[in-house]
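The numbers in the sequence shown follow our numbering, run straight up by one, and end at 494.
Hints in this document: simulated from the structure, not taken from any laboratory.
There could be a bad hint or two in this list.
[Unchecked claim] 20 Å max Cα-Cα, derived EDC-like pairs, lysine to aspartate or glutamate:
id : residue 1 : residue 2
1  : K369      : D59
2  : K423      : E261
3  : K276      : E252
4  : K423      : E58
5  : K17       : E256
6  : K490      : E252
7  : K283      : E261
8  : K283      : E252
9  : K283      : E256
10 : K276      : D21
11 : K490      : D59
12 : K369      : E261
13 : K423      : E406
14 : K423      : D59
15 : K276      : E58
16 : K369      : E58
17 : K423      : E256
18 : K423      : E372
19 : K490      : E286
20 : K490      : E86
21 : K17       : E286
Computed from a predicted model, the values in this text were never measured in an experiment.
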Amino acid sequence: MAINSRSPSVPRAATVKRAYDVCVIGSQLGGVAAGALLARRGYRVLHVDADGFGTGYEDGGWRIPWGPALLPVLRALPSAEAILAELGLATDASRLLEPARAGLQILLPRNRLDLPPARAERFAELRREWPGDVARLDASLTALRASFDAAQPFLASFPPLPPRGLVERWRLHRAVRRAPSGGARDAVPLAELGDHPLAGALRAAWPFLSSLDGPPAPFGLARTLGGALLGPLHPGGGEAVVTALMRRRIAETRGELLGVEGEPAPVSGMEISGGKVRSLHVKGGEARYAARAFIFAGDPASLVRLAGESAKLAGWLEPAVLAGRLLSLAWVVRGEALPAPLGDVALAISGDGAPVLLQSLPALRAGPKGHEPSPTERVLVAAMPFTSPPEALPEATARLRRTVLEQFPFLDRAVVHESDPNKRPGAAAFHPLFASRPDRALGVGGVPTSSPLSNLFLAGRAVLPGLGTEGQFHAAWQAAAAVERHLGAKARPK
């Protein structure tokens, strides 16, 4: 029985500490949601938080999020709605995820407007900024909403995305053909607006809404942007807030957890034989955990290192090529210094065309009883796509800072504390950007859920990077179903 690992050698004498039905590795939303589903369905689940990044970090006595977050309304996503309903978490999630004030705000060099979910209010904003174009702008955004709605039955059928093998490709082809007109084959959203400033700004939201670099995929843009315009959510910490909710559900459903925020459970290797993963080695081989099935939801490159080259996972993971990530900065500022019209989430386009996502949140100060909201300060978090070599990071950080100062020229006078998440290990994992692959399923697909190892499944961002948060929920549902097929379904609790 071979030990496959590129990290420090794992002692063969390591004993199995515990055996499980399913072991979930990694802290990405899709994997934790899949683990929570399987725990709810009667399987014995272990979740290993191998990084411990959580929703943010402590700096200077303040709680700082890794970056700004723009989440769609989860009840509008078939996979998210199904998962939250089965786990009994729909109400808890709605309490945690507040709608962004003013909807998605757009800040352009010559125009500033809110895009609230209500059509009448949005029409008034469009008319105020572009009175001569209001009819065609409203028609284009209405068509975008129609494209989003038309895809609902298609995604509610849980098609295999991306497909692996001839059977799944045939199933996906059949699902696309049966979808309502435009459901999975929409024309390019906003194309009729040409180079209108609003269309350019909304297209620039693509990397913030998805996990893909490059030109937006039509289907992906319709789903991510359409979902955001329904009324974006703005939790501090982004998807990690939902992940923490799911993780607690694993523990409450007789599952077990390893690692917590700030105290990860580092994984050192996997034991593989007979085309299967047999066990996981944690803390340098001191503990060994066996399971009948494994779900991975982390950095794909780290999976290759853990499994070793002999596992032949590199070809399967080939579509998951990282192109970059979101680069973030954060400031704790006096609340009165921020402009009153500033919404909770704003997309700003600088004079040179660089897109920046801004988020304003209540500032949390570390105290003896935990984190307490400050009555006078707020946290302003900003991010922009970064796809350059590492040596360009200082220049890119300076550019991000300059772009924010274009919007808030008096920011420096109001700063109580400035923080740079890029100096911490969790920054790269907060929001990766994969290289665009138009040849993949509907332009949004990445790595199939099923792997060359019969009991190893993928449920992270790399499965459907072009669908963003919705892609992780869809991947979670697929992974849970694949594990059930592999292990045999159990009698589900009522």
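Results for each hint:
1. K369 to D59: Holds - the C-alpha atoms of D59 and K369 are around 17 Å apart, at most 20 Å.
2. K423 to E261: 18 Å, holds
3. K276 to E252: Distance ~29 Å between K276 and E252 Cα, so the pair is violated.
4. K423 to E58: 13 Å, holds
5. K17 to E256: 13 Å, holds
6. K490 to E252: Distance ~18 Å between K490 and E252 Cα, so the pair holds.
7. K283 to E261: Holds. K283 to E261 sits at ~16 Å (cutoff 20 Å).
8. K283 to E252: At roughly 25 Å apart (the allowed maximum being 20 Å), E252 and K283 break the hint.
9. K283 to E256: Distance ~17 Å between K283 and E256 Cα, so the pair holds.
10. K276 to D21: The hint holds at about 14 Å.
11. K490 to D59: Violated, because 46 Å separates the two Cα atoms, which is more than 20 Å.
12. K369 to E261: 17 Å, holds
13. K423 to E406: Measuring from Cα to Cα gives roughly 24 Å; hence the hint is violated.
14. K423 to D59: 11 Å, holds
15. K276 to E58: Outside the cut-off at roughly 40 Å; violated.
16. K369 to E58: 15 Å, holds
17. K423 to E256: 32 Å, violated
18. K423 to E372: Roughly 25 Å between the alpha carbons, so the hint for K423 and E372 is violated.
19. K490 to E286: 32 Å, violated
20. K490 to E86: 15 Å, holds
21. K17 to E286: 9 Å, holds
In summary, the numbered hints that this structure violates are 3, 8, 11, 13, 15, 17, 18, 19.
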